[in-house]
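Student: Now for the letters of each chain:
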Amino acid sequence: MHSCKGLMHNGEPLWTSVSSDFSRHYTFEQITSAICSFVRGTIGMNANLLDPKTSVKVIGSSGQISLGKEYAGRQVLIEEREPGVWLVRTALVIPENEAWLHAPQAQHDLQEALAWAQANPPRESDPDVLFKELGNAQEKRRSRKGGSQ
Amino acid sequence: MRKKNDDPVKVDLNNPVFQRQLVSLDKTDASRVLATLKKLLQLTWQQVYLDPGLKWEKITSVPPPPGIESVYSLRITQARRATAYRDGDLLRFLTIEPDHDATYGKK
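Top to bottom, those sequences are chains A and B. For the first sequence, the numbering used here assigns the number 1 to the initial residue and increments by one for each residue that follows. For the second sequence, the numbering used here assigns the number 150 to the initial residue and increments by one for each residue that follows.
Keep in mind the hints are simulated off the structure, nothing from the lab. By construction, the Cβ of each residue, glycine as well, lies at the ideal position given by its N, Cα and C atoms. One or more hints might be untrue.
[Said to hold, decoys possible] One side only, chain B facing chain A, incomplete, derived with CB under 7 Å:
#1 D155
#2 D156
#3 V158
#4 L162
#5 N163
#6 V166
#7 L183
#8 L186
#9 I208
#10 T232
#11 R235
#12 D236
#13 L239
#14 L243
Excised from the complex, chain B in its bound form (with noise of 0.2 Å):
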């Protein structure tokens, strides 16, 4: 699969587990989630790497599935974090999970 990091960003949203997740949020939460997805596609992957908002983290301690070559996690909300992968040039997201750093001001 080509991949080049001044390419675009271009999201996948399908997975149900990130819907049904999205569902559940309040209308505040889900608005934020949608601005930081439109604020993705602006974005190129080099960008989306260095943005010190979406905090990109490499997960190391979940090994891949095989076909999937490394998750993430980034920050969707302030008190949210997404798990996703890159495929292409597609950011397909995988769930959504409170970010607890935030939560409890660690961060």
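Here chain A stands alone, though its shape is the one from the complex (with noise of 0.2 Å):
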């Protein structure tokens, strides 16, 4: 737990650095309460980056390291930032011939029909059969449109 007793700015307790205005409306209770959750808020968001888990890896002679079987089959982005330094992150890479396919439109209906290829089982169809049945509901949807005008 971080206290905030203690939290200073410019050399002065932080909550008289609030403006006299502001302190007009709020008690110096619910002033110094509030400052105290922002405070502990981002202290906690970035706890991991303070405390990163650190682990010695050995570079193998072909010049691997593992990152973990969790990650096996992930693409990574690595960054070196100086000569020794990388930061490796997990990464969506799109190559530019499946752009078309990460629309919105196109993603949704490729979602919509894998969900419904893994909830039933696949069965044969003959092209000539379905064309002809399309285009048959396709003629009743037409007339049923034509006779209710």
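Starting from two chains that each stand alone, build the complex the way the hints lay out.
Tutor: What follows is the structure, given as structure tokens:
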């Protein structure tokens, strides 16, 4: 737990740098409580960055290190910040010729189609029969529309 | 599931998304799709993989869901690509989308 007691700003307790107009509407306790919550939240968010997991890995004879089985097959972005210092981040690389697949509608259609395929067993189709059926269904819809007008 | 590349291709066109997109095509495009499907039925899997007109490509940017090994795209008409995957001898069609590269004359 991080204590907010003793927080200083420009050599003064932090709360004194809050404008007097602001303090007229809020009590001292409300202001310090809000500041403490903000500080705790910020520290909490950065906890992983401030306290990274460190492990020692040996680079193999072909220049490889392992990141763990859970990352097998994943793509990563490797940034060499300076000689001997790398930042490795998991990344999704979209080849240029697959960009069309990531348009919102195409992505939505593909996910819907995959979900259906997973839930339904495969069944062989005859293209001629399917086209006839779909054509007939369209004809019926058109004649129904025409009849209702 | 048995997979032999010299077996003839069979197709599964039952996916409602594929069918919905198929009926939205104009007659010319729809008959081109039918021609490609009939062509596919004349080929073995090995021939599909190598056919220059079909441009069979593995999709690497969309992780397949459990139970599906890989999703592929193939050119189903001059201006459209289909997505599909192999399940044994069946080619299960998923979607039909405009081929933007073809539309803008990149290919």
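Student: Of the hints given before, which are not true for this structure?
Tutor: 1, 2, 3, 11
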